[in-house]
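Undergrad: Chain residues, written in single-letter form:
Protein chains: 2
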Amino acid sequence: MTRVLKFGGTSMGGADNIKNVANIIKNYKQNGDNVVAVVSAMGGETNKLISLANSISKDPIALEMDTLLSSGERVSSSLLSICLNDMGIKAISLSGRQAGITTDDNHNKAKIDKINSSNLQQYIKDGYTAIVAGFQGFANNRVTTLGRGGSDLTAVAIAGSIQADVCEIYTDVQGIYTADPRVVPNAKKLEQISYDEMLELSSLGAKVLQSRSVELAKKLDVKLISRSSFEPNTTGTTITKEENIVEQPIVSGIATDDDQVRVGIYKVIDRPGIAGQIFSKLAFAGINVDMIVQTVGTDGTTDLDFTVPTVSINETKKCMKKFEHECKYIDYNEKISKVSVVGLGMKSHTGVAADAFMALANNNINIRIISTSEIKISMIIDKDKSKRAVQALHDIYKLDQ
Amino acid sequence: MTRVLKFGGTSMGGADNIKNVANIIKNYKQNGDNVVAVVSAMGGETNKLISLANSISKDPIALEMDTLLSSGERVSSSLLSICLNDMGIKAISLSGRQAGITTDDNHNKAKIDKINSSNLQQYIKDGYTAIVAGFQGFANNRVTTLGRGGSDLTAVAIAGSIQADVCEIYTDVQGIYTADPRVVPNAKKLEQISYDEMLELSSLGAKVLQSRSVELAKKLDVKLISRSSFEPNTTGTTITKEENIVEQPIVSGIATDDDQVRVGIYKVIDRPGIAGQIFSKLAFAGINVDMIVQTVGTDGTTDLDFTVPTVSINETKKCMKKFEHECKYIDYNEKISKVSVVGLGMKSHTGVAADAFMALANNNINIRIISTSEIKISMIIDKDKSKRAVQALHDIYKLDQ
Numbered sequence: 003m004t005r006v007l008k009f010g011g012t013s014m015g016g017a018d019n020i021k022n023v024a025n026i027i028k029n030y031k032q033n034g035d036n037v038v039a040v041v042s043a044m045g046g047e048t049n050k051l052i053s054l055a056n057s058i059s060k061d062p063i064a065l066e067m068d069t070l071l072s073s074g075e076r077v078s079s080s081l082l083s084i085c086l087n088d089m090g091i092k093a094i095s096l097s098g099r100q101a102g103i104t105t106d107d108n109h110n111k112a113k114i115d116k117i118n119s120s121n122l123q124q125y126i127k128d129g130y131t132a133i134v135a136g137f138q139g140f141a142n143n144r145v146t147t148l149g150r151g152g153s154d155l156t157a158v159a160i161a162g163s164i165q166a167d168v169c170e171i172y173t174d175v176q177g178i179y180t181a182d183p184r185v186v187p188n189a190k191k192l193e194q195i196s197y198d199e200m201l202e203l204s205s206l207g208a209k210v211l212q213s214r215s216v217e218l219a220k221k222l223d224v225k226l227i228s229r230s231s232f233e234p235n236t237t238g239t240t241i242t243k244e245e246n247i248v249e250q251p252i253v254s255g256i257a258t259d260d261d262q263v264r265v266g267i268y269k270v271i272d273r274p275g276i277a278g279q280i281f282s283k284l285a286f287a288g289i290n291v292d293m294i295v296q297t298v299g300t301d302g303t304t305d306l307d308f309t310v311p312t313v314s315i316n317e318t319k320k321c322m323k324k325f326e327h328e329c330k331y332i333d334y335n336e337k338i339s340k341v342s343v344v345g346l347g348m349k350s351h352t353g354v355a356a357d358a359f360m361a362l363a364n365n366n367i368n369i370r371i372i373s374t375s376e377i378k379i380s381m382i383i384d385k386d387k388s389k390r391a392v393q394a395l396h397d398i399y400k401l402d403q
Numbered sequence: 003m004t005r006v007l008k009f010g011g012t013s014m015g016g017a018d019n020i021k022n023v024a025n026i027i028k029n030y031k032q033n034g035d036n037v038v039a040v041v042s043a044m045g046g047e048t049n050k051l052i053s054l055a056n057s058i059s060k061d062p063i064a065l066e067m068d069t070l071l072s073s074g075e076r077v078s079s080s081l082l083s084i085c086l087n088d089m090g091i092k093a094i095s096l097s098g099r100q101a102g103i104t105t106d107d108n109h110n111k112a113k114i115d116k117i118n119s120s121n122l123q124q125y126i127k128d129g130y131t132a133i134v135a136g137f138q139g140f141a142n143n144r145v146t147t148l149g150r151g152g153s154d155l156t157a158v159a160i161a162g163s164i165q166a167d168v169c170e171i172y173t174d175v176q177g178i179y180t181a182d183p184r185v186v187p188n189a190k191k192l193e194q195i196s197y198d199e200m201l202e203l204s205s206l207g208a209k210v211l212q213s214r215s216v217e218l219a220k221k222l223d224v225k226l227i228s229r230s231s232f233e234p235n236t237t238g239t240t241i242t243k244e245e246n247i248v249e250q251p252i253v254s255g256i257a258t259d260d261d262q263v264r265v266g267i268y269k270v271i272d273r274p275g276i277a278g279q280i281f282s283k284l285a286f287a288g289i290n291v292d293m294i295v296q297t298v299g300t301d302g303t304t305d306l307d308f309t310v311p312t313v314s315i316n317e318t319k320k321c322m323k324k325f326e327h328e329c330k331y332i333d334y335n336e337k338i339s340k341v342s343v344v345g346l347g348m349k350s351h352t353g354v355a356a357d358a359f360m361a362l363a364n365n366n367i368n369i370r371i372i373s374t375s376e377i378k379i380s381m382i383i384d385k386d387k388s389k390r391a392v393q394a395l396h397d398i399y400k401l402d403q
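Just so you know, the sequences run in chain order H and C. For the first sequence, counting from 1, position 270 maps to 272 in our numbering; every step adds exactly one. For the second sequence, counting from 1, position 54 maps to 56 in our numbering; every step adds exactly one.
Source of the hints: derived by calculation from the structure; they are not laboratory data. Heads up, some of the hints might be wrong.
Pairs involving identical chains hold if they fit within one copy or between any two copies, as the list cannot separate such chains.
[Claimed, not checked] Derived pair list, reagent style DMTMM-like, types lysine to aspartate or glutamate, alpha-carbon separation capped at 25 Å: (1) 60 / 47; (2) 116 / 328; (3) 60 / 88; (4) 50 / 18; (5) 21 / 47; (6) 28 / 61.
Produce the complete structure using the sequences and hints provided.
TA: What follows is the structure, encoded as structure tokens:
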């Protein structure tokens with residue numbers, strides 16, 4: 003069987019950790035598996051290079067930042083190859099270019115155009131473990147980088163291109179949990195979860211897997227496993243198609259997102275198209291508007307509530323300037339959290355939302371905004387009640403069992 | 003005029019030093035010069051990578067060491083380009099491959115095969131300052147490195163390939179001195195020196211320029227300037243063809259080499275070819291034998307003295323095992339120094355050697371071995387008298403004037 007294994011910065015941090023990773027690969031090779039490893043830069047290295055560049059220029063040129071930052075992954079790929087060769091396992095490091103990864107020329111946040119995996123396939127055929135430097139590609143004879151979570155993307159794209167049986171994403175946590183174990187001590191590790199549930203969980207704050215790589219895995223039909231390089235004997239969490247999940251739980255997990263701001267626009271004069279104007283202006287500025295609630299009053303005015311990411315708050319305020327005279331006032335509340343209940347089984351079960359509202363009411367937690375999709379219920383509540391809310395929801399759905 | 007500027011690890015060490023280097027380039031650009039810069043890894047980085055690799059493997063595979071080590075020069079080239087772009091000077095970093103440098107596939111000590119400088123020439127034509135990562139090339143789709151002093155070699159080879167007017171080698175010293183200023187306080191900086199004198203000086207211990215790059219500069223007729231990036235207003239030392247040096251001094255400088263061992267083989271049975279056998283065995287083992295003296299005794303036996311580099315001592319002892327029964331005894335003396343007097347004018351002046359012997363005799367320094375060439379006299383003396391010998395020689399030839 004052919005496996006793509008991706009090792010993050012913590013897994014590659016230092017000689018001992020690299021040896022540990024080499025042993026994981028060795029075990030698979032001894033089973034007769036083909037292995038391609040994709041590696042991140044050693045923990046902390048990328049930030050070191052960024053701060054070096056920032057000490058030289060306040061706005062370092064993007065094209066050169068890519069050459070600079072790509073070096074971290076090249077270093078860790080050659081170190082892992084040195085380690086494997088030392089253990090008697092044939093291995094070869096490959097840069098993004100050598101692995102055939104071409105991208106668009108959008109430096110610092112390039113998109114993979116295509117992968118020519120012939121070089122990689124030949125190495126696999128010749129019995130090599132190929133170690134691909136993650137996070138990077140090539141365009142117009144220059145190195146490009148893929149932005150945040152780029153190494154996960156590299157791994158998934160390669161797994162799709164060589165039709166690997168599985169893509170294992172190694173980090174320092176054992177997999178995906180029913181809730182953040184730091185908040186809910188009796189949170190349970192999930193054995194499996196669907197791409198769509200994972201997308202809801204990762205975009206909502208479960209930081210183990212980036213949304214972009216889960217989306218790509220879904221598109222390319224790549225089976226993902228999230229697991230820990232420090233406890234390689236635990237099974238991790240499999241992320242796969244809905245059809246492959248035999249027993250679909252009603253609720254799989256509870257996620258929180260503390261990095262949202264609620265924007266309230268009160269007593270908007272309710273002329274046609276005003277909401278459309280507001281949201282197209284925000285969209286044009288690249289602001290990711292999430293939950294929206296509109297309340298039409300009896301006096302012919304409307305209240306509008308929505309959330310935006312905390313990082314976009316200044317940009318949002320700029321956009322809203324234009325609409326200040328069309329309403330009574332606008333306020334911005336950063337002291338909120340978004341708590342979400344995610345589960346495939348919601349599609350076929352009723353009463354899931356009612357249980358959630360009841361659980362929060364029983365804990366004296368007010369819900370400010372509610373939004374729902376086929377497989378999730380999201381609620382905006384006061385930030386200082388977020389932990390209590392997650393625990394209450396975890397309990398009501400008996401996720402520890 | 004077109005200049006190739008090479009900046010060593012100390013010149014590139016840290017943000018402030020990189021800004022300093024960028025200012026040197028800026029001054030030339032403002033004069034209307036074309037500039038290609040060749041850079042080493044930031045001071046200490048290469049050693050850090052080597053010790054990381056050694057903590058993973060006692061004998062790291064050469065092919066991967068090249069990928070690993072080449073990253074240091076890529077980092078410094080992109081940082082310098084970031085700095086120049088920030089100052090409004092168009093610049094682009096180029097890896098060895100991007101600069102068109104192909105080598106043989108002798109990893110860790112590759113030789114430059116050829117340079118396809120079309121890419122580089124186009125950037126120069128378009129007004130860019132190209133920043134080439136030194137020390138590296140490309141062979142069979144893999145990175146290669148050129149070994150010690152590799153960045154100097156890159157600079158000289160590029161200067162030859164684009165027919166630059168000059169190749170300036172920047173370090174933390176102001177140029178080539180008549181003797182090591184730490185030993186001889188009144189040593190003087192030389193304004194100019196011939197390739198051949200420089201070769202004698204550099205192979206004898208003046209560590210500013212590596213022999214390989216001086217040899218290549220001589221072959222490609224590249225004018226070298228050795229100068230300091232920390233005092234860019236001082237003129238440095240020009241290394242050029244003998245014909246360009248108008249006033250040829252009798253003695254240019256005094257060099258010492260403390261890393262030699264004298265091997266003495268006493269009372270060898272003087273059968274034909276024994277010396278030839280010894281030296282061909284040493285040559286076959288890759289040991290660089292330097293000075294040789296043979297003394298034939300009246301009893302039909304011979305004494306043989308020669309020097310080898312201290313790093314080759316164990317290998318030499320292995321080779322000599324075979325000859326132990328053919329002589330009375332063999333001894334190895336590490337407490338020696340080689341002191342050399344170098345100067346073009348020796349070709350046409352007599353009495354230079356006599357002055358040297360007299361100077362040492364007046365200081366009670368015994369000479370164990372002497373060897374001479376057209377432009378140099380080398381003498382083996384006791385190591386603890388080396389400093390006194392250099393000062394005495396410096397004085398007798400009035401090199402401070």
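Undergrad: Indicate, hint by hint, whether the structure satisfies it.
TA: Right, here's what the structure says about each hint:
With identical chains, the CA atoms of residue 60 and residue 47 are at most 25 Å apart both within one copy (19 Å) and between copies (24 Å). Neither within a single protomer nor between protomers do residue 116 and residue 328 lie at most 25 Å apart by alpha-carbon distance, with minima of 48 Å and 70 Å respectively. Taking the shortest Cα distances, residue 60 and residue 88 sit within 25 Å of each other only across copies (8 Å), while inside one copy they are farther apart (42 Å). For a Cα distance limit of 25 Å, the shortest separation of residue 50 from residue 18 qualifies both inside one copy, at 21 Å, and across copies, at 16 Å.
For the identical chains of this complex, residue 21 and residue 47 are neighbours both inside a copy (18 Å) and across copies (22 Å), given an alpha-carbon limit of 25 Å. Taking the closest pair of Cα atoms, residue 28 and residue 61 come within 25 Å of each other only across two copies (19 Å); inside a single copy the shortest separation is 43 Å, beyond that limit.
Against the hints set out earlier in the document, a violation occurs for number 2 only.
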